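2 protein chains.
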Amino acid sequence: MIAQNPKIGAYDLAIDAMGGDHAPVSVLDGLEIAAERHPNAHFLLVGDEATLQPLLAKRPRAAKACTIRHAREAIPGDMKPTAALRVRQSSMRIAIDAVAGQEAAGVVSAGNTGALMALGKIVVKSLPEIDRPALAAIGPSARGDVVLLDLGANIVCDARNLVEFAVMGDAFARAVLGLPNPSIGLMNVGSEELKGDERVRLASEMLKASPLAANFHGFVEGHDITAGTVDVIVMDGFTGNVALKTGEGALKLFGGLLKQSFTSSWLSKLGYLLARPALERLREWMDPRRYNGAVLIGLNGLVVKSHGGTDALGFAHAVDVAMDMVTNRVNDRIREGLAAMPSRNRATASLTTD
Amino acid sequence: MIAQNPKIGAYDLAIDAMGGDHAPVSVLDGLEIAAERHPNAHFLLVGDEATLQPLLAKRPRAAKACTIRHAREAIPGDMKPTAALRVRQSSMRIAIDAVAGQEAAGVVSAGNTGALMALGKIVVKSLPEIDRPALAAIGPSARGDVVLLDLGANIVCDARNLVEFAVMGDAFARAVLGLPNPSIGLMNVGSEELKGDERVRLASEMLKASPLAANFHGFVEGHDITAGTVDVIVMDGFTGNVALKTGEGALKLFGGLLKQSFTSSWLSKLGYLLARPALERLREWMDPRRYNGAVLIGLNGLVVKSHGGTDALGFAHAVDVAMDMVTNRVNDRIREGLAAMPSRNRATASLTTD
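Each protein sequence line maps, in turn, to chains A and B. Position one of the first sequence corresponds to residue 1 (full-length UniProt numbering), numbered consecutively onward. Position one of the second sequence corresponds to residue 1 (full-length UniProt numbering), numbered consecutively onward.
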């Protein structure tokens, strides 16, 4: 087992076995894959013991990697976060409690997103240096993967939040994408210095005066996400959430129309069959399972959200993301990054007196 | 000629002949197409007379529809809006002056976007009832075209601005898409009532208490743009600009990868040839020229921005959008829509006392 912190106990990750549309089967199938990829990992599997025991017995690698902890309840997908906070015996809560209690370095759940975010913030708590945690994930671009944050944890953000997101995005890209010097862009409506609101202009000035300056590309625009202009794109959670869903929607529309085109005639069906091996690679490349696993970053422990509808491969990818962050001690990197930032008061003061 | 307003003079539209990457040739070729589509239209063609005269002589339909007005200067594509405001003899300025002076109902330019927006706001001026004009355009969805606004004219918006955008979007969809009862969505990070910030929640309450209530769908998310969930999507200009460019970027990435797939082997090339007629229809459907023509809406006259790099077909489409709005008296509809809204003070007061 690879502990992120010497204080951390017996488990790399706690797993909410009961969250997600196809739980617990898809979760256990995902762990069977993950256990092969991470042979030394040890998982705390939280859920209904009577259900999990026979399923685990049929999955030898997962069985070896997992210890079951019983939870008699599960958070329904439509439960409000405020209600979910009151369910103390849910699989999600017990898994998160294991992170808060430092038994595990992180948690992975495919369950109720709002509940997971709320429980993460309230039970695991933010790093002392961080004002607000952010939701981060990886997306595809023409030049490799790109880290996007915040994707919706913070609807209203100030310049300080955006700067902290840059520090966290930098640590994320180093840990998960393995980039030694990730470039960072700040989302705006144009790349010129005078574009945007006061908030993004101030964040840009603060980043230019920080140790991240060398890797700070400046402002980027929406099309820079898929162009791969930078490795990390920082934005407020409202913009990030809309951008992510808009991009996903555009790809879905294109994919649907492409399918219609190929089935529209006998000749185009034949054309599809001939081009199929190449198109299958395209499909694999765009496969949302490859990008599964959004991380609530900036907490005293990792909280990773897997898509609720994903299958075993998607869940295994979310576990990969979590394991990369644990192994590479992403929180230690965030702490170092924040410690190296100039004092926020000083940075703001120097800007307002300029 | 179809006048929007009995006071409006001799021209339907003023055309900036010198704006855009391929001006004036692409502009004149576009007008040759537009003149065929709108046989009764009369255009004021503004630009260098010595250049335009011989080009027009070779395009008989455009020549019949156009009257040249000489402008000795052109606004460069990289000129700052503040500098462009001082160039009184530019083709863009003289064309806009013709709208402000009610000689023409609107202007179409493929030139410098920032300059056109600034000149539009300052020279043509907002409708008295409108706090801020918005940039609106049409995008593709799985269920037909969708009107999107604001796409970047207003970086910071309040609830009142969003409500005004809904009124303008409604008028736009009726005029350009010909929809008798366009449905309206308000962009947010989730569809539940409690999602988002104070601003979008207040705008939603105001819309529910307005004559638009019957067509107001409530909150929508990023993926609803291409899903075609509603006919009009209202958002602040920062979000709209990022969403538009993110969606365009995603389609470009997919298109590029698809092209790579088809050229990756001999078999896939053959497959492409067989499926080509169907794929050509897909290409036509996604053709950005079909969506060319962003309108600065809410002014005392139409200001339509054509993409700078477009060709004759794209420019002709921007003229189509402008002509649809002139013919359908979109500004009269906006005025009617705003007059029917409950007083903003009343709407706000009833919300704060609830």
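Derived from the structure by calculation, the hints contain no laboratory data. In this text, all values refer to a predicted model and were calculated from it rather than measured experimentally. Possibly wrong hints are sitting among the right ones.
With a cut-off of at most 30 Å between alpha-carbon atoms, the simulated DSS-like pairs for lysine-lysine come out as follows [stated by the list, open to error]:
#	chain 1	residue 1	chain 2	residue 2
1	A	259	B	80
2	A	125	A	195
3	A	252	B	121
Anything over 12 Å on all C-beta distances counts as not near chain A; from chain B, calculated [stated by the list, open to error]:
#	residue
4	9
5	58
6	64
7	68
8	103
9	128
10	198
11	208
12	220
13	227
14	264
15	289
16	335
Ideal placement from N, C-alpha and C gives every residue a C-beta, glycine not left out.
Quick check for students: does the CB of residue 9 of chain B sit more than 12 Å from each CB in chain A? 36 Å, holds
Minimum Cβ distance from residue 64 of chain B to chain A greater than 12 Å, as the annotation requires: 39 Å, holds
Verify that the Cβ of residue 227 of chain B lies farther than 12 Å from every Cβ atom of chain A, and report whether the claim holds or is violated. 6 Å, violated
Would the hint linking residue 125 of chain A and residue 195 of chain A be met if the CA-CA limit is 30 Å? 35 Å, violated
Assertion that residue 128 of chain B lies outside the chain A interface [Cβ separation over 12 Å]: 27 Å, holds
May I ask you to check that residue 264 of chain B keeps its beta-carbon over 12 Å from the closest beta-carbon of chain A? Given that some Cβ of chain A is not farther than 12 Å from that of residue 264 of chain B, nearest at about 5 Å, it is violated.
Between residue 252 of chain A and residue 121 of chain B, does the CA-CA distance stay at or below 30 Å? Violated. Residue 252 of chain A to residue 121 of chain B sits at ~37 Å, over the 30 Å cutoff.
Report holds if the minimum CB distance from residue 208 of chain B to chain A is greater than 12 Å, and violated otherwise. 21 Å, holds
Is the nearest CB of chain A more than 12 Å from the CB of residue 335 of chain B? Residue 335 of chain B clear of chain A: closest Cβ-Cβ about 29 Å, beyond 12 Å.
Was residue 198 of chain B rightly flagged as not at the interface, with every chain A Cβ beyond 12 Å? Label violated. Min Cβ-Cβ 9 Å, cutoff 12 Å.
Please verify that the nearest CB of chain A lies beyond 12 Å from residue 220 of chain B's CB. Residue 220 of chain B not clear of chain A: closest Cβ-Cβ about 10 Å, inside 12 Å.
Check whether the Cα positions of residue 259 of chain A and residue 80 of chain B lie no farther apart than 30 Å. The hint is violated at about 45 Å.
The earlier numbered hints that this structure contradicts are 1, 2, 3, 10, 12, 13 and 14.
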